[in-house]
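Participant: Chain order of the listed sequences is A and B.
Residue numbers for the first sequence follow my numbering, beginning at 1 and rising by one.
Residue numbers for the second sequence follow my numbering, beginning at 1 and rising by one.
Errors might be hidden in some of the hints.
[What the hints assert, rightly or not] Each pair of labels, with its calculated beta carbon distance range: (1) A/Asp-36 to B/Asn-260: 39 to 45 Å; (2) A/Arg-22 to B/Lys-261: 34 to 40 Å; (3) B/Glu-318 to A/Arg-22: 56 to 62 Å; (4) B/Lys-161 to A/Asp-36: 38 to 44 Å; (5) A/Lys-53 to B/Gly-11: 49 to 55 Å; (6) A/Lys-64 to B/Ile-18: 32 to 38 Å; (7) B/Asn-269 to A/Arg-22: 38 to 44 Å; (8) A/Arg-22 to B/Asp-122: 17 to 23 Å.
What the hints contain is simulated information worked out from the structure, not anything from laboratory work.
All residues carry an ideal CB built from backbone N, CA and C; glycine is no exception.
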Amino acid sequence: MKRYVIATGTVTYAIKGRDLLRKNGFTVKIERITGDNTLGCGYVLILTGDIEKAEKILKNGGVKILRITAEQ
Amino acid sequence: MIYFDNAATSGHKPQMVINAVNNALKNLSANPGRSGHKAALDAADMVYKTRQKVADFFGAEGAENVVFTQNCTHALNYVIKGVLKRGDHAVVSSLEHNAVMRPLVKTGVNFDVARVFENDEDTVADFEKKLKVNTKLVIMTGASNVTGQILPFEEIAKICKKRGIFFCLDAAQVAGIMPINMQKMHIDYLCAAPHKSLYAPMGIGILICTKPIENTVIEGGTGTSSLEFVQPNTLPEMLESGTLNVPAIAGVSAGIDFVNKIGMEKIYNFETKLLKILYDGLSKNHKIILYTAPPKMHKYAPVLPFNVRGMKSDEANEFFSQNGVALRAGLHCAPTAHKMLGTADFGTLRASFSAFNNENEVISFINLAKKV
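With the hints as constraints, model all of the structure from the sequences given.
Facilitator: Structure follows, in structure tokens:
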């Protein structure tokens, strides 16, 4: 199953995003990544499931998304 | 001790606030927004939930618009210095605290002072008269920390909205005693001192921004975008450089729970009842000078300025302090209010209440004032 990593940049948006996605039935957790040249330090959401739906939920909820990547 | 200095900070904190602070010190001593381990995320979770609670309490859109500052003065500095630029104009009321006046003067922008009258219509009219084409920001207190008078900020915010002027409310004396809904009342920036009528610990302030802040006053580590030397522009982190006061934020959360549990209206009714008893009692004492009209609901916050005839406020305060009563004497960091009262040279005493005061304390104080 594909795992998606959504970079929100800040812990505030990560928690907001996590709560929104959980309310909508997603299994999601927060991790912090370091050493990424594009993020510096930043918080990401890790989830599985319908990424298009997740993205829509986050955007409608006002969560800033920096980047979405898919991992196998 | 009888503590009547609650407009400075609430002297008695609810047990639930003390428990929340203790719990944060024991179990949440990790740095939110800095690390990815469980303890740091638990702390960040609590901080986020408190942001959401604060946003709900003040009718603000989005937890991310809630910024935790060191105090209300810092919050006001962020707005005044972050919004105003050379060539802008601002309007303030004649009852502002130095937390507004000093940063405003420091910006160097032109500003006008709108006079506050006993009659709200006259106050609104004077504000309207002071607005100019280049007025960018109106900053006003919700209630005077000297006279307790509640200002017609909702009407003035409505005028600002119509004219495209940003509106900032200094809610230091009204947060927790009167309902505030930023969205419905068209408040763009709200600055609050939760250690007063929200019963939180000292060392924490609230700033809620629904409009941009262009210049940050303080820059530093935010735990995000760490490769960049330029301050991030995302709220709330852009205004929260450095480590947050997590125990105090836990106290804010519990303080709001406390106010919600009792009911803001019930607290305000009770404190106004004490204010009326005090006013009536002191007005019968020929040694006491009162400066305000008899207190009315929704017209006054639970604050009363007075003096003892023939004594400087500091001298009278010494008498009350020695007899176990905590008041505040002097100018209360609000010289413009004292100029209006005619007390700028000697200040006043000020009594102010919280939910933890009672009628017996007020009656004891009235009796003590007869002996001064």
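Participant: For each hint, tell me whether it holds in the structure or not.
Facilitator: Cross-check of the supplied hints:
1. A/Asp-36 to B/Asn-260: 39 to 45 Å: The hinted range 39 to 45 Å holds for A/Asp-36 and B/Asn-260, with Cβ atoms some 41 Å apart.
2. A/Arg-22 to B/Lys-261: 34 to 40 Å: violated (27 Å)
3. B/Glu-318 to A/Arg-22: 56 to 62 Å: holds (58 Å)
4. B/Lys-161 to A/Asp-36: 38 to 44 Å: Cβ of B/Lys-161 to Cβ of A/Asp-36: about 42 Å, so the range 38 to 44 Å holds.
5. A/Lys-53 to B/Gly-11: 49 to 55 Å: The hinted range 49 to 55 Å holds for A/Lys-53 and B/Gly-11, with Cβ atoms some 52 Å apart.
6. A/Lys-64 to B/Ile-18: 32 to 38 Å: holds (36 Å)
7. B/Asn-269 to A/Arg-22: 38 to 44 Å: Holds: the Cβ-Cβ distance is about 40 Å, inside 38 to 44 Å.
8. A/Arg-22 to B/Asp-122: 17 to 23 Å: violated (52 Å)
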